[in-house]
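The task is simple: from the sequences and hints, build the whole structure.
Read top to bottom, the protein sequences are chains A and B.
Going letter by letter, the first sequence gives residues 116 to 539 in our numbering.
Going letter by letter, the second sequence gives residues 116 to 539 in our numbering.
Among the clues, some could well be false.
Copies of the same chain look alike in the list, so a pair counts if it fits in one copy or across any two.
[Claimed, not checked] Once the Cα atoms are required to be at most 35 Å apart in a straight line, the calculated DSBU-like pairs of lysine-lysine come out as:
1) Lys225 / Lys203
2) Lys278 / Lys496
3) Lys431 / Lys484
4) Lys201 / Lys319
5) Lys373 / Lys431
6) Lys142 / Lys365
7) Lys442 / Lys431
8) Lys442 / Lys286
9) Lys162 / Lys142
10) Lys208 / Lys482
11) Lys373 / Lys416
12) Lys201 / Lys482
13) Lys174 / Lys258
14) Lys319 / Lys162
No lab work stands behind these hints, which were simulated from the structure alone.
Remember, predicted model here, so these are calculated numbers, not experimental data.
There are 2 protein chains.
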Amino acid sequence: MQAEILSIGDELLIGQVINTNASAISKQLNAIGIGVSRVTTIGDNEKEILRAMKEAWKKNDVVIATGGLGPTHDDISKHVVAKFFKKKLVLDKKTLAHVRARFRSFGITKMPEVNVGQAMIPEGFIALRNDRGTAPGLLYHEKGKTFIILPGVPHEMNWLMSKCVLPELQKLHKKKLGEAIIHRTLLTVGIGESTLAEKIGNVKDFLAKGATLAYLPKTSGVRLRISVRAETNVGTKKIADRIEKHIRSKAQQYIYGKDDDTLAQVVVRLLHKVNAHISTAESCTGGLLSSKLTEVAGLSKVFPGGIISYHDQIKKSELGVGAEILKRYGAVSAECAKAMAEGVREKFGTRFSLAITGIAGPDGGSKRKPVGMVWIALAEKDKPTMAKCFQFGNERNIIRERSADLALEMVRRRLLEKNSGADS
Amino acid sequence: MQAEILSIGDELLIGQVINTNASAISKQLNAIGIGVSRVTTIGDNEKEILRAMKEAWKKNDVVIATGGLGPTHDDISKHVVAKFFKKKLVLDKKTLAHVRARFRSFGITKMPEVNVGQAMIPEGFIALRNDRGTAPGLLYHEKGKTFIILPGVPHEMNWLMSKCVLPELQKLHKKKLGEAIIHRTLLTVGIGESTLAEKIGNVKDFLAKGATLAYLPKTSGVRLRISVRAETNVGTKKIADRIEKHIRSKAQQYIYGKDDDTLAQVVVRLLHKVNAHISTAESCTGGLLSSKLTEVAGLSKVFPGGIISYHDQIKKSELGVGAEILKRYGAVSAECAKAMAEGVREKFGTRFSLAITGIAGPDGGSKRKPVGMVWIALAEKDKPTMAKCFQFGNERNIIRERSADLALEMVRRRLLEKNSGADS
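Written as structure tokens, this is what we have:
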């Protein structure tokens with residue numbers, strides 16, 4: 116089973132919008148055993164859409180298009196789809212009732228008339244009700260092939276994919292969805308791609324037939340993706356387990372999680388296990404570390420809060436950093452980072468705390484303390500506070516991202532010492 | 116001048132990695148007058164890469180590929196490119212010296228041998244030195260057409276695009292780069308797509324020939340993109356100005372900025388103008404608001420810091436929220452939001468402050484206070500504190516994003532009252 120994704124929208128071709136939809140759809144299709152052969156991104160241009168649809172429809176079992184279904188004049192996709200399949204647009208009464216009800220639920224009694232057009236669909240298509248917006252998804256099935264078009268707004272598209280599209284595809288292609296693809300990703304932090312590859316060794320020595328290993332570097336670490344294709348789920352899982360075991364035997368200490376884990380989630384899970392709280396004191400990251408933690412649901416059992424001390428004055432007044440530390444060592448120093456961590460830990464009464472202070476740039480660097488220099492401290496009740504110095508390059512947002520991630524990694528390693536033998 | 120982007124990598128087709136490179140490259144090409152006709156994403160698969168390269172090379176003046184240039188076994192792009200152009204790989208000594216020097220600069224004296232392969236390039240290609248990594252960019256020019264391949268790691272790709280690729284393309288295609296494309300985007304917040312379209316009116320009444328207007332909804336607002344294609348820069352700019360003026364006359368109050376502005380940047384600029392400081396008190400957003408502010412460089416003149424009070428106990432101890440407020444009204448209430456804002460403002464001695472308290476879910480909602488309910492308060496010295504209640508749906512991260520953005524919007528509107536007539 117093979118699919119192509121058509122992402123439609125000028126905004127994607129001028130770089131205004133990042134194509135997050137294609138990856139979200141790919142992930143969901145893979146999960147039910149449909150591989151994605153290609154993503155084609157084209158503009159709101161009839162000729163280009165028709166050309167791409169022709170190629171995609173010829174070479175795949177499933178085609179999923181997104182974008183251009185909105186109520187405004189620049190949304191042409193539905194008309195082009197109708198033209199491609201030689202269908203006329205007809206009013207779908209159920210959809211119209213749903214659109215009207217949506218406006219009422221927001222307290223808008225007089226619906227803008229342009230929205231009536233949302234209920235016009237190509238004849239013979241099935242409208243997929245969109246509970247997150249006004250444009251329905253549209254599905255067409257012919258000779259064992261399925262075409263689907265969804266609105267481009269990510270949270271509408273995601274809702275339609277999971278609630279309508281996947282169940283429909285599983286029904287329509289029941290017989291062919293036997294072959295399984297397993298992807299499993301091990302997430303590492305704090306090690307470069309080629310050093311990691313040397314540690315893990317030559318893939319020929321441990322990869323089975325039909326299995327691949329990919330190295331995917333990103334801001335704070337390298338992801339290792341194991342892929343196994345086979346006829347049954349049983350075989351693939353065993354093969355993936357064996358490869359994972361080999362990799363872990365070579366690089367366990369750098370691996371913080373799997374698949375969609377985030378470092379913050381892993382840290383929160385470990386904190387839950389030992390029933391400990393953590394607090395934060397942030398300077399150059401200005402809330403990014405805390406924000407990563409608070410993305411995790413159910414956080415309140417381990418995180419009471421933090422202090423953002425962007426100014427030195429706040430480091431003094433809120434965190435109790437001594438004036439002589441700031442004078443003698445400066446705000447970007449082991450001494451200041453440690454004092455920040457200890458200050459917030461004592462104030463908030465937590466077992467652990469993290470502090471970050473550094474130079475995110477573009478200004479403020481010097482020869483001795485260049486842009487990208489960051490001190491991270493980890494304090495723990497009844498233990499000596501530790502601090503580490505990093506050099507994270509010279510791009511403000513990369514420096515901030517790496518600082519927050521490496522702080523999380525510091526506490527993860529500490530928590531693992533406590534949970535030795537526990538699954539991370 | 117027309118280009119196609121080829122994004123190569125299995126990780127893009129299984130949804131593991133979002134294709135941020137394609138939009139970054141599109142934006143940079145547009146800026147020098149090269150339109151992108153299509154982005155094709157394919158896997159690390161020789162047959163698929165060759166098929167995509169053939170189509171792209173036939174239909175475009177410029178083809179830019181990314182991905183698969185790393186040092187590990189799964190990186191096949193360079194070999195496939197060499198095969199497509201019928202070139203053999205040869206050692207580029209300059210590149211090898213550069214790769215060795217990079218390892219030395221990180222204090223690694225024994226370079227992993229696999230990295231020697233990074234210096235092998237197809238004969239007749241130009242190696243573009245990569246100061247951010249070990250894989251050079253590769254450029255090939257033939258019969259007025261240019262092919263380029265870059266590493267897929269975003270910050271390496273971006274560095275190579277701006278430092279090497281754009282200057283090379285401008286040199287190689289000097290004659291053809293006359294025709295200009297202008298894109299200009301007005302950014303709105305706090306208004307839905309169809310209501311905005313009704314306010315702005317029928318595009319036929321105000322769009323000139325060759326001009327388009329696109330509505331692009333995202334989490335916290337709708338972007339309005341004006342595009343004008345013409346022969347000279349002068350004409351396009353005038354036409355874009357006229358369209359912008361029309362839109363502003365209809366929807367000025369919702370427009371917070373242009374193009375790559377962020378709400379945080381706009382707020383920081385306005386604060387600079389009136390020389391005022393702001394502080395933050397965050398509960399459900401847990402640092403996201405402060406993190407958005409601290410993404411902006413040069414922030415320290417207006418932002419001393421903030422308090423993340425995820426627990427009620429911290430709301431009391433750090434922000435002075437009265438126990439009776441929490442008991443009588445609860446943490447998600449106008450009273451608590453106002454007390455949080457006033458507490459942090461007084462503590463940090465700032466003129467303004469913002470506070471956010473709400474239910475980000477998935478748990479913690481009730482019939483009276485459902486998930487998605489958020490109170491945002493704005494305090495200002497010598498003024499009554501205001502608070503507003505929002506209902507932001509039921510997805511944790513969308514609730515958090517919208518909360519942070521609408522908080523920024525509240526202070527933006529307040530600052531505009533002070534700067535009436537000033538350009539936002």
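Within a copy, between copies, both or neither: where do Lys174 and Lys258 come within 35 Å Cα-Cα? For Lys174 and Lys258, the Cα distance is within 35 Å both inside one copy (14 Å) and across copies (32 Å).
35 Å Cα cut-off: does Lys431 pair with Lys484 within a copy, between copies, both or neither? within (21 Å within a copy, 38 Å between copies)
Indicate which option fits the pair Lys442, Lys431 if close means a Cα-Cα distance not exceeding 35 Å: within, between, both or neither. both (12 Å within a copy, 32 Å between copies)
When no copy is specified for Lys225 and Lys203, does a C-alpha distance of 35 Å or less occur within a copy, between copies, both, or neither? within (28 Å within a copy, 68 Å between copies)
Go through the copies and call it for Lys373 and Lys431: within, between, both or neither, with a Cα cutoff of 35 Å. neither (40 Å within a copy, 38 Å between copies)
Indicate which option fits the pair Lys319, Lys162 if close means a Cα-Cα distance not exceeding 35 Å: within, between, both or neither. between (46 Å within a copy, 22 Å between copies)
Using 35 Å as the alpha-carbon threshold, which applies to Lys373 and Lys416: within, between, both, or neither? within (23 Å within a copy, 41 Å between copies)
If the cut is 35 Å between Cα atoms, do Lys162 and Lys142 qualify within a copy, between copies, both or neither? Intra 29 Å, inter 23 Å, cutoff 35 Å: intra and inter.
Using 35 Å as the alpha-carbon threshold, which applies to Lys201 and Lys319: within, between, both, or neither? between (51 Å within a copy, 28 Å between copies)
Could you place Lys142 and Lys365 in one of the four classes (within, between, both, neither) given a Cα distance threshold of 35 Å? within (28 Å within a copy, 41 Å between copies)
Alpha-carbon proximity context of Lys278 and Lys496, limit 35 Å: neither (47 Å within a copy, 49 Å between copies)
What label fits Lys208 with Lys482 when the C-alpha limit is 35 Å: within, between, both, or neither? Only across copies: Lys208 and Lys482 sit 32 Å apart there, 70 Å inside one copy, limit 35 Å.
The structure shown violates the earlier hints numbered 2, 5, 8 and 12.
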